[in-house]
Structures are given as C-alpha cells and as structure tokens.
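Novice: For reference, the chains in residue letters:
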Amino acid sequence: EPEVTQTPSHQVTQMGQEVILRCVPISNHLYFYWYRQILGQKVEFLVSFYNNEISEKSEIFDDQFSVERPDGSNFTLKIRSTKLEDSAMYFCASSGRGRVEAFFGQGTRLTVV
Amino acid sequence: RKEVEQDPGPFNVPEGATVAFNCTYSNSASQSFFWYRQDCRKEPKLLMSVYSSGNEDGRFTAQLNRASQYISLLIRDSKLSDSATYLCVVNRPGGGFQKLVFGTGTRLLVSP
Chain A
1 EPEVTQTPSH QVTQMGQEVI LRCVPISNHL YFYWYRQILG QKVEFLVSFY NNEISEKSEI
61 FDDQFSVERP DGSNFTLKIR STKLEDSAMY FCASSGRGRV EAFFGQGTRL TVV
Chain B
1 RKEVEQDPGP FNVPEGATVA FNCTYSNSAS QSFFWYRQDC RKEPKLLMSV YSSGNEDGRF
61 TAQLNRASQY ISLLIRDSKL SDSATYLCVV NRPGGGFQKL VFGTGTRLLV SP
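So the protein lines, in turn, are chains A and B. Taking my numbering, the leading residue of the first sequence gets 1, the next gets one more, and so forth. Taking my numbering, the leading residue of the second sequence gets 1, the next gets one more, and so forth.
A few of these clues could be false.
Result set (DSSO-like, lysine-lysine): computed pairs, CA atoms no more than 27 Å apart in a straight line [as the list claims (entries may be wrong)]:
#	chain 1	residue 1	chain 2	residue 2
1	B	42	B	79
2	A	78	B	45
3	B	42	A	78
4	A	78	B	79
5	A	42	A	57
6	B	2	B	42
7	B	45	A	57
8	A	57	B	2
9	B	2	A	42
10	B	42	A	57
11	A	42	B	42
12	A	42	B	45
DEER-style ranges, computed between Cβ atoms [unchecked claim]:
#	chain 1	residue 1	chain 2	residue 2	range
13	B	81	A	3	40 to 48 Å
14	B	67	A	8	44 to 52 Å
15	A	53	B	5	30 to 38 Å
16	A	96	B	54	19 to 27 Å
From the structure, some residues in chain A lie toward chain B, with a derived Cβ separation under 10 Å [as the list claims (entries may be wrong)]:
#	residue
17	2
18	6
19	44
20	56
21	65
22	104
23	107
Rather than coming from a laboratory, the hints here were simulated on the basis of the structure. It should be emphasised that the depicted structure is a prediction, and the values quoted were computed from it without experimental measurement. Glycine is no exception: its CB is placed at the ideal position from the N, C-alpha and C atoms.
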C-alpha cells in the first residue's frame, strides 16, 4: 500500500539552527501539506502546496518557515532559525486529485534544545 | 467557540461494548468530514469519511447532521485494539481547499 514517508524520524537541534524535514508523498498525489502537533495538543495545519506553490498557510507558518518541492518526489519543510517552541511532531500529508482526505506520514519529532 | 469540539474523554469501556463519540463544528460552510484515529505518538490515520446519508464500515458507523453541525462515530463490539484517540476532522472551506481542521481528539481505552 502506498504511503507517505518522512525523514528523519527524530531530530534534535540547538535553538537558532536551521532544520530541514523531508517527506516523500504518495507518488500520484498532487496536494501536499505540513501539519504539526505539540505534545499533548491537537494537530495544527501549517501549509498546503499545490502546483509548485503554496496554496494556503496558517498564522503559525511565518517567515521562519519555507517549503519546497526540489524534485519530482521530495517535499521539504525548512525552519530557518529554530525556537524552543518549535519542538513538536511534524507530519507531512498528501492527497490525490479531487480528494480531500489526506494521508499522513509517520512524522518527524523535532526537539529544540 | 472552537472550530471543532470533541469531548476529550477518556472513555473507558470493556471489550464488546458499544461506544459513541460526538463532535460539533462551527463553520456551517464546511463540506467534508472525517474521523481519524491516532495511536500514541503516531500519525493520524484515516478511519472513515462521513457523509450526510451516514456510512458504515464494519463495526464503525459515522453520522453527519448538517443542521446541527454535529458528527458522530459509533463503535460496536469494541476490541482492545480500538484503544486510541479518535480525531474529528473538518475541512475549512474558502481561502484554499483541502485544509483540515482537527479536534483535540477523544481518547478511548478498551479493557479486557
């Protein structure tokens, strides 16, 4: 069964450092998303991406965040200068043409120290 | 008012019990509704979409009441493996499609 894959599964970084979280969406999907979940809290939307551009972003997704689809398979989330409050589980998701339901990767646990 | 509201639980039920979860949403323009399941420290997994006519998948039945902006999930004959957090998810219409808004989840514990 096709699945969304994310790397790394866990990343520890120092405050102020840049991190790149990587995702390989399901191959025939067209819409890509990043969500995050702070421990004990709900899953929150960060950004959606379609046709090589951001289609929507939340207020969380400020100038420190960027997304890219550098080739036909990878989808990345970059945090330029990490803060302690960026510590969370980051989930990549994708959905197919005409479909609203999204399928999630296993997540990257980001710990900022 | 929260966009998607759920009773956080936990719901503690014995194996074989029937349990129902409820969810309300605030945006009347929402058009797509889902139940996802999330195990501890894992990703949300799609359990089922929810349609106006109601839909059933094995032991799981989902209902949608648009007039009341209310969604429900019924689990019959609970199994130990049903223990998880159940997330009510609604799309936020306008300003970009396919943006999902999650409830905080309802935790279910099924005991032997």
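Novice: Are the hints correct? Go through all of them and say.
Specialist: Status of each hint after checking the structure:
no., hint, result
1, B:42 with B:79, "holds, 19 Å"
2, A:78 with B:45, "holds, 24 Å"
3, B:42 with A:78, "holds, 22 Å"
4, A:78 with B:79, "violated, 40 Å"
5, A:42 with A:57, "holds, 17 Å"
6, B:2 with B:42, "holds, 24 Å"
7, B:45 with A:57, "holds, 22 Å"
8, A:57 with B:2, "holds, 19 Å"
9, B:2 with A:42, "holds, 12 Å"
10, B:42 with A:57, "holds, 24 Å"
11, A:42 with B:42, "holds, 13 Å"
12, A:42 with B:45, "holds, 14 Å"
13, B:81 with A:3: 40 to 48 Å, "violated, 20 Å"
14, B:67 with A:8: 44 to 52 Å, "holds, 46 Å"
15, A:53 with B:5: 30 to 38 Å, "holds, 33 Å"
16, A:96 with B:54: 19 to 27 Å, "holds, 24 Å"
17, 2, "violated, 13 Å"
18, 6, "holds, 9 Å"
19, 44, "holds, 7 Å"
20, 56, "holds, 3 Å"
21, 65, "violated, 16 Å"
22, 104, "holds, 4 Å"
23, 107, "holds, 5 Å"
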